[in-house]
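Colleague: Line order of the protein sequences matches chains A and B. UniProt numbering numbers the first residue of the first sequence as 1 and each following residue consecutively. UniProt numbering numbers the first residue of the second sequence as 1 and each following residue consecutively.
Worth flagging that the hints you see were computed from the coordinates, not collected in a lab. Hints should not be assumed to be uniformly reliable.
Unchecked claim - To give an idea of the interface, some chain A residues facing chain B are shown, with a C-beta separation under 10 angstroms as derived from the structure:
# : residue
1 : Pro12
2 : Leu24
3 : Ser25
4 : Gln50
5 : Leu61
Stated by the list, open to error - In silico DMTMM-like links for lysine to aspartate or glutamate, alpha-carbon gap of 25 angstroms or less:
#  : chain 1 : residue 1 : chain 2 : residue 2
6  : B       : Lys411    : A       : Glu74
7  : A       : Lys37     : A       : Glu74
8  : B       : Lys411    : B       : Glu432
9  : B       : Lys424    : A       : Asp71
10 : B       : Lys29     : B       : Glu505
11 : B       : Lys173    : A       : Asp15
12 : B       : Lys736    : B       : Glu624
13 : B       : Lys731    : B       : Asp95
14 : B       : Lys168    : A       : Asp39
15 : B       : Lys424    : A       : Glu62
16 : B       : Lys284    : B       : Glu63
17 : B       : Lys424    : A       : Asp64
18 : B       : Lys168    : A       : Glu62
19 : B       : Lys168    : A       : Asp15
20 : A       : Lys37     : B       : Asp95
21 : B       : Lys411    : A       : Glu62
22 : B       : Lys411    : A       : Asp58
23 : B       : Lys731    : B       : Asp513
24 : B       : Lys284    : B       : Asp107
25 : B       : Lys424    : A       : Asp15
26 : B       : Lys37     : B       : Glu432
27 : B       : Lys424    : A       : Asp58
28 : B       : Lys108    : B       : Glu182
Stated by the list, open to error - What follows is a list of derived Cβ distance ranges for each label pair:
#  : chain 1 : residue 1 : chain 2 : residue 2 : range
29 : A       : Gly3      : B       : Ala355    : 31 to 37 angstroms
30 : A       : Asp58     : B       : Asp187    : 43 to 49 angstroms
31 : B       : Arg685    : A       : Gly3      : 44 to 50 angstroms
32 : B       : Ala355    : A       : Gln50     : 32 to 38 angstroms
Using N, Cα and C, we set each Cβ at its ideal position, and we do this for glycine too.
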Amino acid sequence: MTGHALRIIIMPPFDKEFFGTDRLSLAAVNLFDLIGKLDALAPGFAAIAQPRVHLAVDGVLETDWTRPLADASEVIVLPRVGGG
Amino acid sequence: MHAPETMKPFRHIGTRPVRPDGVDKVTGKALYGPDFKAPGMLWGAILRSPHPHARIVSIDTREAERLAGVKAVATGRDFPTLESLVMHVGEGASDIVDVAHNCLALDKVLYEGHAVAAVAATSPEIARDALALIEVEYDVLPFVLGLEEALAQDAPLLHDNMFTKGVKPRPDKPSNASMRVEMGAGDIEAGLAGAAVTVEGRYTMEPVHQGYIEPHACVASWNGDGQAQIWCSSQGHFSVRSLTASVLAIPQSDIRVMPLEIGGGFGGKTTIYLEPVAMILSRKSGRPVRLAMSREEVFRASGPAPGAIIDVRIGADADGRLVAADVEFKYHSGAYPAVDAGAGVSSAIGHYRIANTRVVGTEVLCNRPAAKAYRAPGAPQVNFAVESALDELAARLGMDPLELRLKNAAKPGDPQTSGLPWGKIGWIECLEAAKAHPHWSSPLGPNQGRGIAGGYWGNYGGPSTVNLSVAEDGTFTVATGSPDIGGSRASMAIMAAEVLDVPYEQVRCVVADTASIGVSMVTGGSRTTFATGMATVEAAGEVRHLLCQRAARIWGASPEQVQWRSGEVVCLSGDKQGETMSVADIASRSFHSGGPIAAVSALSARGWLPGFGFHICDVEVDPETGHVAVVRYTAIQDVGRAIHADYVEGQIQGGVAQGIGWALNETYIYNEEGRLDNPGFLDYRMPVASDMPMIEAVMVEVPNPDHPFGVKGVGEVPIVPPLAAVANAIKAATGKRLNSLPMSPERVYAALHPEG
Numbered sequence: 001m002t003g004h005a006l007r008i009i010i011m012p013p014f015d016k017e018f019f020g021t022d023r024l025s026l027a028a029v030n031l032f033d034l035i036g037k038l039d040a041l042a043p044g045f046a047a048i049a050q051p052r053v054h055l056a057v058d059g060v061l062e063t064d065w066t067r068p069l070a071d072a073s074e075v076i077v078l079p080r081v082g083g084g
Numbered sequence: 001m002h003a004p005e006t007m008k009p010f011r012h013i014g015t016r017p018v019r020p021d022g023v024d025k026v027t028g029k030a031l032y033g034p035d036f037k038a039p040g041m042l043w044g045a046i047l048r049s050p051h052p053h054a055r056i057v058s059i060d061t062r063e064a065e066r067l068a069g070v071k072a073v074a075t076g077r078d079f080p081t082l083e084s085l086v087m088h089v090g091e092g093a094s095d096i097v098d099v100a101h102n103c104l105a106l107d108k109v110l111y112e113g114h115a116v117a118a119v120a121a122t123s124p125e126i127a128r129d130a131l132a133l134i135e136v137e138y139d140v141l142p143f144v145l146g147l148e149e150a151l152a153q154d155a156p157l158l159h160d161n162m163f164t165k166g167v168k169p170r171p172d173k174p175s176n177a178s179m180r181v182e183m184g185a186g187d188i189e190a191g192l193a194g195a196a197v198t199v200e201g202r203y204t205m206e207p208v209h210q211g212y213i214e215p216h217a218c219v220a221s222w223n224g225d226g227q228a229q230i231w232c233s234s235q236g237h238f239s240v241r242s243l244t245a246s247v248l249a250i251p252q253s254d255i256r257v258m259p260l261e262i263g264g265g266f267g268g269k270t271t272i273y274l275e276p277v278a279m280i281l282s283r284k285s286g287r288p289v290r291l292a293m294s295r296e297e298v299f300r301a302s303g304p305a306p307g308a309i310i311d312v313r314i315g316a317d318a319d320g321r322l323v324a325a326d327v328e329f330k331y332h333s334g335a336y337p338a339v340d341a342g343a344g345v346s347s348a349i350g351h352y353r354i355a356n357t358r359v360v361g362t363e364v365l366c367n368r369p370a371a372k373a374y375r376a377p378g379a380p381q382v383n384f385a386v387e388s389a390l391d392e393l394a395a396r397l398g399m400d401p402l403e404l405r406l407k408n409a410a411k412p413g414d415p416q417t418s419g420l421p422w423g424k425i426g427w428i429e430c431l432e433a434a435k436a437h438p439h440w441s442s443p444l445g446p447n448q449g450r451g452i453a454g455g456y457w458g459n460y461g462g463p464s465t466v467n468l469s470v471a472e473d474g475t476f477t478v479a480t481g482s483p484d485i486g487g488s489r490a491s492m493a494i495m496a497a498e499v500l501d502v503p504y505e506q507v508r509c510v511v512a513d514t515a516s517i518g519v520s521m522v523t524g525g526s527r528t529t530f531a532t533g534m535a536t537v538e539a540a541g542e543v544r545h546l547l548c549q550r551a552a553r554i555w556g557a558s559p560e561q562v563q564w565r566s567g568e569v570v571c572l573s574g575d576k577q578g579e580t581m582s583v584a585d586i587a588s589r590s591f592h593s594g595g596p597i598a599a600v601s602a603l604s605a606r607g608w609l610p611g612f613g614f615h616i617c618d619v620e621v622d623p624e625t626g627h628v629a630v631v632r633y634t635a636i637q638d639v640g641r642a643i644h645a646d647y648v649e650g651q652i653q654g655g656v657a658q659g660i661g662w663a664l665n666e667t668y669i670y671n672e673e674g675r676l677d678n679p680g681f682l683d684y685r686m687p688v689a690s691d692m693p694m695i696e697a698v699m700v701e702v703p704n705p706d707h708p709f710g711v712k713g714v715g716e717v718p719i720v721p722p723l724a725a726v727a728n729a730i731k732a733a734t735g736k737r738l739n740s741l742p743m744s745p746e747r748v749y750a751a752l753h754p755e756g
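All chains, full assembly: derive it from the sequences and hints.
Modeller: See the structure below:
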């Protein structure tokens with residue numbers, strides 16, 4: 001069961017680097033599932049996701065990618081910013 | 001996690017106890033990376049390229065191998081062939097192939113100082129002599145150092161397979177632009193066209209080094225059975241383990257990394273340079289091998305912060321409301337792709353509410369050492385430009401520069417550059433605190449000027465593991481996987497003592513090796529007090545729960561009949577009503593009441609919040625020499641809640657000192673041959689104590705509701721505003737806007753005396 005379609009906002013550089021668009025609509029059980037579906041659209045995305053990507057669900061950054069998305073409406077895919 | 005506002009007054013949080021590692025450090029007993037020795041250890045040395053760009057035609061090591069006392073020689077050919085794989089490096093990401101080639105070049109050298117070969121010998125002298133016997137034939141290539149030169153159509157290419165990421169369509173030709181990131185909102189050109197006042201400018205700087213006092217050093221011992229040990233100082237020994245294992249294509253569990261004390265990192269020790277090389281030399285020689293960089297090697301071969309060219313256009317309406325900001329910057333990546341452009345884009349203008357924005361960052365490869373993180377990586381450079389331009393805008397508007405910032409300051413719920421809403425930030429509180437601070441209204445003397453600037457850093461959470469155990473006498477040990485750079489042993493002990501409601505001295509904290517504790521991310525990104533602290537609080541709560549359970553069992557009571565109170569267990573009802581049991585009582589009977597008492601917390605912390613800072617800087621400029629003295633400095637910062645107040649203030653003061661050095665003196669100077677001319681502290685002028693005024697750190701506490709004690713990261717924010725604060729102060733003192741760093745005496749003099 002994959003649930004309802006989520007609004008997926010792809011932030012730079014990933015919009016141009018992988019998807020050619022900054023808006024997608026996808027259904028996903030959780031964020032790992034979403035990453036897999038994004039990888040199906042743009043092979044190679046999953047390989048860089050953990051070191052380079054942050055995910056925000058309905059405006060909140062989420063580090064637990066097992067988080068169910070049944071109650072979510074939007075996921076933002078944005079670059080991870082590394083500190084020093 | 002419960003909101004901190006609901007908690008009772010703190011017993012330990014915010015206090016200033018003596019740090020547990022202090023005595024060892026001030027008496028010289030503490031063991032740092034270059035101090036460590038192992039029995040039978042060999043001394044390693046690394047041969048480095050004299051050329052900024054060359055193809056390696058051949059390396060002949062036979063003469064070196066024949067030298068008496070030489071036990072092993074290694075080159076890049078000794079590493080396994082690796083497939084491209086993007087990995088965590090510190091809080092950033094790098095391709096493991098680049099990491100390996102940066103440790104030992106394979107086919108090309110990409111900067112002066114690039115490691116080419118390594119030797120292990122029975123003495124440092126023999127190792128150095130052996131390096132001179134290694135013959136490397138180079139095919140010297142044209143090199144490029146400058147940002148715009150590296151982007152030119154005919155620029156020498158560092159990597160034939162580098163196609164700019166972040167652009168569509170994918171370029172059909174390789175270039176030195178490794179990444180382009182663009183974010184924005186609204187209509188930038190319409191916004192600027194509609195502005196009543198606009199300013200624009202170009203701001204530049206060369207790379208600067210983190211300037212940690214302790215050089216990179218390690219000892220590696222790789223046994224015949226495949227198991228290895230590495231002793232080194234780093235910001236993250238788990239990162240050392242994972243990167244070294246990946247470079248060598250061996251299981252992580254075969255490497256045990258022992259963390260030694262670290263003499264400063266600031267982001268520069270979140271990667272590896274020496275460890276895989278020492279491992280190869282150890283495997284070849286069958287003995288432990290030590291590699292340590294000299295100061296010169298640190299400058300020539302370890303990562304600086306990127307230099308930059310930043311173009312800014314900002315517009316406001318007649319009332320001083322910002323209506324548009326266009327920022328485009330280029331950052332040096334050095335020899336390999338870095339990840340600072342995204343950070344620069346995220347950190348440029350998000351502290352203000354602006355309807356029309358465009359921020360573009362490009363990472364540019366050039367024949368310099370690979371850039372590495374430096375305290376809020378990517379933020380100070382772009383902030384220098386934006387906050388300098390804002391001062392120019394305030395002057396054009398005839399507006400108080402602090403009022404301009406206050407009028408436009410982002411508040412909770414406003415969108416960041418990424419579009420995500422700001423959480424519970426304390427930016428406006430910082431600005432208000434600055435306005436009320438006596439520094440802001442104090443008089444200035446002759447040739448003095450006052451500058452201000454504000455900035456922010458996103459901070460992070462991430463994975464941390466903590467093991468909290470109870471000794472048989474009722475004392476506590478907190479073991480973490482986070483190297484202690486800024487006093488984290490004390491901070492963890494404070495938080496555990498707070499949860500357990502016991503004396504601070506009853507809790508000791510150690511940094512455990514990679515075989516003795518679960519994975520923890522680097523100490524960096526302002527995450528340790530937040531994330532490892534969260535794990536400490538969780539583990540302490542679990543231990544408290546276990547102690548209550550154990551006391552109840554000893555009493556023959558139910559868990560509901562007991563309660564934790566003032567660091568001991570109280571029986572609330574039944575035969576034992578009113579009796580108490582101390583931790584020592586419980587612990588001494590633990591072997592016969594269920595076993596030792598301990599708890600592990602392994603988590604990936606979420607709910608981090610950014611930190612904001614606002615700085616006021618007074619300078620005095622000597623018109624005859626151009627020398628700039630910082631005579632007063634106040635740094636105001638939202639710290640969430642200070643756990644150990646001294647170390648929060650210390651982080652703020654340290655960041656400001658580094659920022660002042662960046663502003664006034666520090667810079668890499670390359671000669672026409674592409675070689676670094678100032679690879680030492682004599683010629684690379686870092687500030688010393690006598691250059692600094694007392695830096696007043698003002699802690700504004702707007703607690704983070706998603707941390708049990710309200711913590712926000714504090715370590716990186718304070719280096720963001722000083723560059724512009726100093727520049728704005730010089731402008732106020734002299735009337736001259738300096739757009740290039742460092743604002744050294746000769747540059748200030750030239751600005752004051754354009755006639756020469």
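Colleague: Now, for every hint given, state plainly whether the structure supports it.
Modeller: These are the hints, each one checked on the structure:
{"no.": "1", "hint": "Pro12", "result": "holds (5 angstroms)"}
{"no.": "2", "hint": "Leu24", "result": "violated (15 angstroms)"}
{"no.": "3", "hint": "Ser25", "result": "violated (17 angstroms)"}
{"no.": "4", "hint": "Gln50", "result": "holds (7 angstroms)"}
{"no.": "5", "hint": "Leu61", "result": "holds (7 angstroms)"}
{"no.": "6", "hint": "B:Lys411 x A:Glu74", "result": "holds (23 angstroms)"}
{"no.": "7", "hint": "A:Lys37 x A:Glu74", "result": "holds (15 angstroms)"}
{"no.": "8", "hint": "B:Lys411 x B:Glu432", "result": "holds (13 angstroms)"}
{"no.": "9", "hint": "B:Lys424 x A:Asp71", "result": "holds (24 angstroms)"}
{"no.": "10", "hint": "B:Lys29 x B:Glu505", "result": "holds (21 angstroms)"}
{"no.": "11", "hint": "B:Lys173 x A:Asp15", "result": "holds (20 angstroms)"}
{"no.": "12", "hint": "B:Lys736 x B:Glu624", "result": "holds (15 angstroms)"}
{"no.": "13", "hint": "B:Lys731 x B:Asp95", "result": "violated (43 angstroms)"}
{"no.": "14", "hint": "B:Lys168 x A:Asp39", "result": "holds (18 angstroms)"}
{"no.": "15", "hint": "B:Lys424 x A:Glu62", "result": "holds (17 angstroms)"}
{"no.": "16", "hint": "B:Lys284 x B:Glu63", "result": "holds (17 angstroms)"}
{"no.": "17", "hint": "B:Lys424 x A:Asp64", "result": "holds (21 angstroms)"}
{"no.": "18", "hint": "B:Lys168 x A:Glu62", "result": "violated (28 angstroms)"}
{"no.": "19", "hint": "B:Lys168 x A:Asp15", "result": "holds (9 angstroms)"}
{"no.": "20", "hint": "A:Lys37 x B:Asp95", "result": "holds (23 angstroms)"}
{"no.": "21", "hint": "B:Lys411 x A:Glu62", "result": "holds (22 angstroms)"}
{"no.": "22", "hint": "B:Lys411 x A:Asp58", "result": "holds (19 angstroms)"}
{"no.": "23", "hint": "B:Lys731 x B:Asp513", "result": "violated (50 angstroms)"}
{"no.": "24", "hint": "B:Lys284 x B:Asp107", "result": "holds (22 angstroms)"}
{"no.": "25", "hint": "B:Lys424 x A:Asp15", "result": "violated (29 angstroms)"}
{"no.": "26", "hint": "B:Lys37 x B:Glu432", "result": "violated (53 angstroms)"}
{"no.": "27", "hint": "B:Lys424 x A:Asp58", "result": "holds (16 angstroms)"}
{"no.": "28", "hint": "B:Lys108 x B:Glu182", "result": "violated (32 angstroms)"}
{"no.": "29", "hint": "A:Gly3 x B:Ala355: 31 to 37 angstroms", "result": "holds (35 angstroms)"}
{"no.": "30", "hint": "A:Asp58 x B:Asp187: 43 to 49 angstroms", "result": "violated (27 angstroms)"}
{"no.": "31", "hint": "B:Arg685 x A:Gly3: 44 to 50 angstroms", "result": "violated (60 angstroms)"}
{"no.": "32", "hint": "B:Ala355 x A:Gln50: 32 to 38 angstroms", "result": "holds (35 angstroms)"}
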